[in-house]
Amino acid sequence: MNRPPPSWLHPGVRLIEAERSVGWAEIAAQADTFEAAFRAAGARVVLPPRGVPALVAALVAAERAGVELHLSRRTSAETDAKPHEPGFAVLLETSGTTGAPKLIRHDFQRLRGRLRGTADPGARWLLAYEPAAFAGLQVILTALASGATLVSAPGAGAGELARLAGRHAVTHISATPSFWRAFLLALDGAAPPLAAVTLGGEVADQPLLDRLAEGFPNAKLRHIYAATETGALFAVGDGMAGFPAAWLDGGIDGVGLRLSDGVLEVNSPRAMLDHGDVWLSTGDVVEVRGDRALFVGRLDGRINVGGVKVSPEVVEQVLLDVPGVQDALVQAAANPVTGHIVTALVVPAPGAEEAALRAAIRTAVADLPPAARPRLVTMTGNIALGAAGKKTRKGTA
Amino acid sequence: MTESMFALIAEELARIAADKGETLPALGPDTRFLGGELPIDSLDLATLLVVLEQRTGQDPFRAGFVQFNTVGELAALYRPDMPTGSA
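Chains A and B supply the protein sequences, listed in that same order.
For the first sequence, the numbering used here assigns the number 1 to the initial residue and increments by one for each residue that follows.
For the second sequence, the numbering used here assigns the number 1001 to the initial residue and increments by one for each residue that follows.
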């Protein structure tokens, strides 16, 4: 049996993973197997991380079977037994430490309606995001729709991905600024023939944009601004950090922008919440310098570690739960690779032995995502309080 | 490149690797940080740069990202005359 691919999957697509290249024939065979299992399983099914070809086959099968597909990012994941709504949809887990991972239901047509990528079937994409993350799925769907080639190696670091980009002559990469910095550090002479360099998920700084423009002079360089509630809002393509301050008056691409006490608010027809003419606060603090609006930090103090948003309060709570820790303060330390890392000041309880305490802390934070684990823990006698009697957190801007 | 800076990088990188239960191969000036020779990822490299700033009091990246690939290239970004004690 040779059923045609769905309308959102161009039959010319090639998926290259672990030195295997698969096309529609292989995807279709796996989709048939999944479809039978999904129909038997009922209204909601969960797919653990099994690579991009399996993920694509599962999407095809879930649409045919009319089930909700939970794309898990953990191997041991379980999913809620009961569906919220009948029919095909994609469920994605949120990342970061801003609370327990939440499962967000995405209408598939709506996900596809947000694609901004190229329709060039000659494009060779590198997947630099997790496949089951929102940004990763956008890259996958873009490649599928255009019949392009997609190179992926889930779990691989920037060094391995840089080698793959060179070997497979990748032309399109969408990634966080932290990935791009690590990618530049890992490149060994032969740079891939990039035609499109896209940045998102973190603030893109001018030195990095300059380095990318210099390293890939023929590439279209864009940085994307997105907010959690709205998804991608606008792209900046002039190679400059921030965005033109004039957009705060006229908006851009149908999106209204304004500042309220220095915090960026947006009004978007593409907002996930159908609130009509409502301004949403993004929580991003913006400063206007000359004719440019620049991002200078988060209102809520969240730390951006390589594109992963970390709540210092959540990490502090993990530390405070360790026996032998009397007090803890979690802070950001700036660096040119991941933007920030998480560091901690810890006040040991009387009688606590340092080596044992450090080991206990290491065990406790191992449950956090790698980006959220304090990379440097400094023992101290006391933690200074600010004028308001609160801990003074430094370095989150 | 300065000998003392190279030694400091080797010492701190070994500590970061040991925290993960890894041991480093011998480092040379041409050893690449993220080229696959070393058992470190970008978070480890980020940690190294923060520690180097604490120990030298210097931040060669104050103005933003500076390209470097090897241990020798990183060592050369720091001024040689600085003490390597607490800053």
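No wet-lab data here; the hints were simulated from the structure.
Mixed in with the good hints, there may be bad ones.
Claimed, not checked - To give an idea of the interface, some chain B residues facing chain A are shown, with a C-beta separation under 7 Å as derived from the structure:
hint : residue
1    : G1035
2    : G1036
3    : L1049
4    : Q1058
5    : F1061
Unchecked claim - Distance windows between CB atoms, simulated:
hint : chain 1 : residue 1 : chain 2 : residue 2 : range
6    : A       : A191      : B       : T1002     : 25 to 31 Å
7    : B       : K1020     : A       : A190      : 25 to 31 Å
8    : A       : L259      : B       : G1064     : 22 to 28 Å
9    : A       : P323      : B       : L1077     : 38 to 44 Å
Quick reminder that beta carbons are idealized off the backbone N, C-alpha and C, glycines included.
Do the beta carbons of K1020 (chain B) and A190 (chain A) sit within 25 to 31 Å of each other? Given about 30 Å between the Cβ atoms, the range holds.
CB of A191 (chain A) to CB of T1002 (chain B), is that within 25 to 31 Å? About 30 Å separates the Cβ atoms of A191 (chain A) and T1002 (chain B), which means 25 to 31 Å holds.
Identify whether the interface hint at Q1058 (chain B) stands, where standing means a beta carbon of chain A within less than 7 Å of its own. Check failed: Cβ of Q1058 (chain B) comes no nearer than 13 Å to chain A, outside 7 Å.
Holds or violated: the hint that G1035 (chain B) contacts chain A, with Cβ atoms closer than 7 Å. holds (6 Å)
Double-check G1036 (chain B) for me: the hint is only fine if its C-beta lies closer than 7 Å to a C-beta in chain A. holds (5 Å)
Quick check on a hinted range of 38 to 44 Å for P323 (chain A) and L1077 (chain B), using CB atoms only. holds (42 Å)
Is the interface hint for F1061 (chain B) satisfied, with its Cβ closer than 7 Å to some Cβ of chain A? holds (4 Å)
Holds or violated: 22 to 28 Å for the Cβ distance of L259 (chain A) and G1064 (chain B)? holds (25 Å)
Is the interface hint satisfied for L1049 (chain B)? The criterion is a beta-carbon contact with chain A at less than 7 Å. Holds: closest Cβ of chain A sits about 5 Å from L1049 (chain B), inside 7 Å.
Hint violations for this structure: number 4 only, all remaining hints satisfied.
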